[in-house]
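*Asks:* Protein chains in written order, with UniProt numbering: chain G, 1 to 232; chain C, 1 to 232; chain R, 1 to 232; chain X, 1 to 232; chain E, 1 to 232; chain B, 1 to 232.
Where hints are given, some of them may not hold.
You can't tell identical chains apart in this list, so a pair holds if it fits in one copy or across any two.
Unchecked claim - Pairs of lysine-lysine, DSBU-like flavour, derived with a Cα cap of 35 Å:
| id | residue 1 | residue 2 |
| --- | --- | --- |
| 1 | Lys232 | Lys2 |
| 2 | Lys232 | Lys222 |
| 3 | Lys2 | Lys219 |
| 4 | Lys219 | Lys160 |
| 5 | Lys222 | Lys160 |
| 6 | Lys160 | Lys232 |
FYI, nobody ran anything at the bench for these hints, they're computed from the structure.
6 protein chains.
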Amino acid sequence: MKILVVNPNSTASMTAKIVEAAEAAASPGVTILGATAEGAPASIEGHFDEAMSLPGLLARVAAAEEQGIDGIVVACFDDPGIGACRELATGPVLGICEAAVKAASMLATSFSVVTTLPRSVPVIEHLIHGYGLSHQCRRVRSAAIPVLALEEEGSDARQKIRAEILRAIEEDLCEAVVLGCAGMADLTAWLSEETGIPVIDGVSVATRMIEALAGCGLKTSKINAYARPNPK
Amino acid sequence: MKILVVNPNSTASMTAKIVEAAEAAASPGVTILGATAEGAPASIEGHFDEAMSLPGLLARVAAAEEQGIDGIVVACFDDPGIGACRELATGPVLGICEAAVKAASMLATSFSVVTTLPRSVPVIEHLIHGYGLSHQCRRVRSAAIPVLALEEEGSDARQKIRAEILRAIEEDLCEAVVLGCAGMADLTAWLSEETGIPVIDGVSVATRMIEALAGCGLKTSKINAYARPNPK
Amino acid sequence: MKILVVNPNSTASMTAKIVEAAEAAASPGVTILGATAEGAPASIEGHFDEAMSLPGLLARVAAAEEQGIDGIVVACFDDPGIGACRELATGPVLGICEAAVKAASMLATSFSVVTTLPRSVPVIEHLIHGYGLSHQCRRVRSAAIPVLALEEEGSDARQKIRAEILRAIEEDLCEAVVLGCAGMADLTAWLSEETGIPVIDGVSVATRMIEALAGCGLKTSKINAYARPNPK
Amino acid sequence: MKILVVNPNSTASMTAKIVEAAEAAASPGVTILGATAEGAPASIEGHFDEAMSLPGLLARVAAAEEQGIDGIVVACFDDPGIGACRELATGPVLGICEAAVKAASMLATSFSVVTTLPRSVPVIEHLIHGYGLSHQCRRVRSAAIPVLALEEEGSDARQKIRAEILRAIEEDLCEAVVLGCAGMADLTAWLSEETGIPVIDGVSVATRMIEALAGCGLKTSKINAYARPNPK
Amino acid sequence: MKILVVNPNSTASMTAKIVEAAEAAASPGVTILGATAEGAPASIEGHFDEAMSLPGLLARVAAAEEQGIDGIVVACFDDPGIGACRELATGPVLGICEAAVKAASMLATSFSVVTTLPRSVPVIEHLIHGYGLSHQCRRVRSAAIPVLALEEEGSDARQKIRAEILRAIEEDLCEAVVLGCAGMADLTAWLSEETGIPVIDGVSVATRMIEALAGCGLKTSKINAYARPNPK
Amino acid sequence: MKILVVNPNSTASMTAKIVEAAEAAASPGVTILGATAEGAPASIEGHFDEAMSLPGLLARVAAAEEQGIDGIVVACFDDPGIGACRELATGPVLGICEAAVKAASMLATSFSVVTTLPRSVPVIEHLIHGYGLSHQCRRVRSAAIPVLALEEEGSDARQKIRAEILRAIEEDLCEAVVLGCAGMADLTAWLSEETGIPVIDGVSVATRMIEALAGCGLKTSKINAYARPNPK
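Same shape as in the complex, but just chain G (with noise of 0.2 Å):
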């Protein structure tokens, strides 16, 4: 099985990164194809950076499917283009967001989320609206730290981001907590051991999530919405 883990935004080392965290994760046998989205922000904090990730993005993803690809990992907590990426795709697709959170709802009662920035928390929030997981959401919480803190070393990033989760633990009564942002899929393990409680990685989860899917001979519906896009 090849599965195609790509990053939203331009940094190599979140890819190298992220790439890392799903060939941990993946069976023996899978594959992981890593990419990056050429032309992308170095980024994704906010609206305007997903919007000016997607053609790098699905740029990425077109060029898989054309050689071949048994499902895909979208790995930016936005979440950005799952729908467009489905229409390209003819396996499963999936966000890092939408597996986490699924994942947290299988896990917990309840779940909170702890992401890099304050602008990105109604994002989140949106997202888990749409995904109807809002009464098992106990708070989007953020970190404020910049998605590239995650990438310097000697920052204090992993420290405040085990603080933002001991808070979520004492104040929202949450009984998981998702990490929201690609970029701290490394620091997984740590968390969950200093914390005690399920860390959920979007990166892991979303990749295992599409061998699951595509282990079981689903893909992508083609009937309406995520048929191929319409030629012009």
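Please build the complex by placing chains C, R, X, E and B on the supplied structure of chain G, with the hints as guidance.
*Replies:* Just chains C, R, X, E and B, lined up with the frame of chain G:
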């Protein structure tokens, strides 16, 4: 007051029609600046087209902002890139779906939407869910016509839309109908007369609502989600 | 264009203030017809006051309809009698809560409301639930001031409202604030400046939205719920 | 125990029928005080009628409160003025729509409502949305009969209601039916027998539920929204 | 009228208390048949306990049905097995959570629940979501006491519940409080007096609501979901 | 990895079929442990059957936990006892309804469910409401066949299911179909081929999703609602 009315697809004849509708609706003294998204698909029929329209759309918005405008109408019923436009904009921004369904909710206890292709139905349902108006929306219907058929002389598109509205009145018991495509703007008056209920065109309504918001001195909030894009 | 702006309470000084706000907001060429609900309570503070305001309010609406008007603003944040007014009206009708929260939803991803008395909070929450905007409303807050304190010179009502808005920004992380009483209309500009976020007054916004709807030729639907009252 | 059952319209024959239903339902030892809203419309068919019924209705409630009563039933399916009545009342207050749909939700997983005129359908849908029971309500249907036809001897209203219930069972797959008008109270037993499913009349149920609440010593909360009206 | 009040746990002292509450609430002429679920856990603290209580609970219900009863109260706030009981029952069936929160929704615009252990909070939130009353429920709170502490003389459980109700009033701005455990039934009067707001005990309310439904001749619908169990 | 797949009814032939489906779906190296709930009803057709299946189901789960397993699939579409199983479990637990509808929501914008008996329809609707996916579920349909007809050779059950799926596609305009009974697992491939849309079987999907969650090191949260049962 200067209002940008931007057509996110690249079909200039549709832009002309849209600008005409906006100008017909605008108050005296309001200047409508029409714009066509360069490099965008010829029509927006689904998620992929929508995604591919965004850079052209946002370039138009950014350029207009630099020259100074008071508000923006995005003239496609899928409301593409609204959040991104709001980040770029100083004044208010409206998509025509949001404007039209909120207008409908002020004129009637229930409404149905008549759009072009079946594949747009779930896109619009998702938007209406996000706008919180699912409980007033009886049904989103498709007249089963491609977007560009609305540009062809001699097509039977008009008759199909009229027939679908009559079906909506009879089957959905709706009290108003929203036209689910910018390209239907020129049919509004005729359809209202033929059907005897409020038929709402998003282009006109969005233009006047932008006037309304800007006329009250209201601008897009800049303190969190719609703050200007972070520099990279 | 002639717009009726009717104050459902019987306090003429409040009507004067409301009319002033509507006139300041209205486009050139629009005539604002102010009206005070005779026999209504001096202020609308809860369900009973609201109910007792209706005959006076509806008499004003009926009289104005007979003389010919293009639209109606009901200038009380509890949106009293809107359905009944819509049955009497030919043109569009808006309550200031509906207008203001729908405007807020166009300018920001979230908003809070600041009203006068605690007892109005559940009334407004119920309205917002009905308008489908609970998911964008962070909180309805009370500044703990009686409605008529807004009419008293030298009262500290203004300062209390300003303080409550600042609390809303800090505690609710809202991106806009809606003023929850028609009597606050004259404070809007000052409060916007003091707080740096969109502060939305329903009187101005409703007036301009009525202009917008009527300007597009849109009228209240007459085919079912808002048909004229059945003769007895 | 003394329960006020107030008919918000001015048709005395309907009051008589309602009181009869309430008395038939009431426990031994309960006194039903019937009242007709003076000055109200002859029937409540829409928002305007509802609004115009309120002063007469509230006068009856205020008078009864002064004499001492234990609870109040407002016997119109549009639940007019319930909040205002609760402000005036010491004991519990129920509208017959609220009582009937909450009862239905206890007896079946889904129900449909059969009311008189089409124009009442959206009014009732809005109420049910507010009561949080939209997910259990299959459909609100109209039998297309004016309210007062229920008072006319020899009218075919009964047969139309029966037919509409049978359609509801077949088309909506509902498990119970709620009668959507106080004037249908005398048909309940006959309709239950004819149709074989629970047919719920709001007058009887509301009367017994008021008994239930008052019998437990429960009263309307007086600490915020339903506190007594503020003196002016 | 004969009403079965069944305690789904196996603690006989709690059954005694529950029966006492039901008898105190019941109308003259109503016989309360108490029953304890044999083989059930000593207290219902979470999903497992709830599941393990069902065979004992259903055996009691089946036995009572055979002897002839008019309605059933399931006296545990997790509303265990209500659907199953309804399949067995001829008359109406109520869990005390459903009865209590629906009663609260009739007396106040908002309520909070005070239950025993934190682990019951999500269970109750889920129930309230299913009953459609999340928008009226301010918060489900735990007083952090094991269920059986309510049976111990000299425990500080009463004081903890009282303190939690006072916190609910202050922090949640709720207008009523629902007691979230059958074992709190004997504290209702004292807590109402101490706190000055409606304090609602599900045992009493459910008993009287069963009387209300049965008194109107209403029975559990037998045409679909609650039909008698299919023979195997 | 060892996964328990437990059939909550006592029909061994159904367990065999379920285990076969799970084994066919499972990755190499995964061991499927099949189990049948002893003492449970022969089929789960409604709430009573579901309740009576729980002790047998939970005994199987407890036994498997003692021996060490990595995750659990509860193979009945009514998702019986999931919360209780989660309290007992260390690893993740999924019911096949939850797994299937969440999978459907990842592959299509809308889906319908085809189940066996009409009486299961409201049960499944209630589950989907709880999972937050009502807005994506077009309709829950019944093929009007008893559960055990799926076990009978020569029954027309297969044809009835196929016909109902075709009706769902035509009438509901759904983009995917979920099979609403564990006993349909062996029909999935045939039905997909016959109908041309994704046909989703909960047994396969749940098995692979458990693999996905467990493969990421995720376990059921133990800090509140799903903590181990309190000792008595």
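*Asks:* For each hint, tell me whether it holds in the structure or not.
*Replies:* These are the hints, each one checked on the structure:
For a Cα distance limit of 35 Å, the shortest separation of Lys232 from Lys2 qualifies both inside one copy, at 30 Å, and across copies, at 33 Å. In the homo-oligomer, the alpha carbons of Lys232 and Lys222 lie at most 35 Å apart inside one protomer (18 Å), although the nearest pairing across protomers, at 38 Å, exceeds that limit. Proximity of Lys2 and Lys219 under a CA criterion of 35 Å is satisfied in both settings, with 14 Å inside one chain copy and 26 Å between copies. In this assembly of identical chains, the alpha carbons of Lys219 and Lys160 lie at most 35 Å apart only when taken from different copies (25 Å versus 39 Å within one copy).
When the C-alpha separation of Lys222 and Lys160 is checked against a cutoff of 35 Å, the pair qualifies only between copies, where the shortest distance is 24 Å, while the shortest distance within a copy is 43 Å. When the C-alpha separation of Lys160 and Lys232 is checked against a cutoff of 35 Å, the pair qualifies only between copies, where the shortest distance is 22 Å, while the shortest distance within a copy is 49 Å.
Violated hints for the displayed structure: none, as all numbered hints are satisfied.
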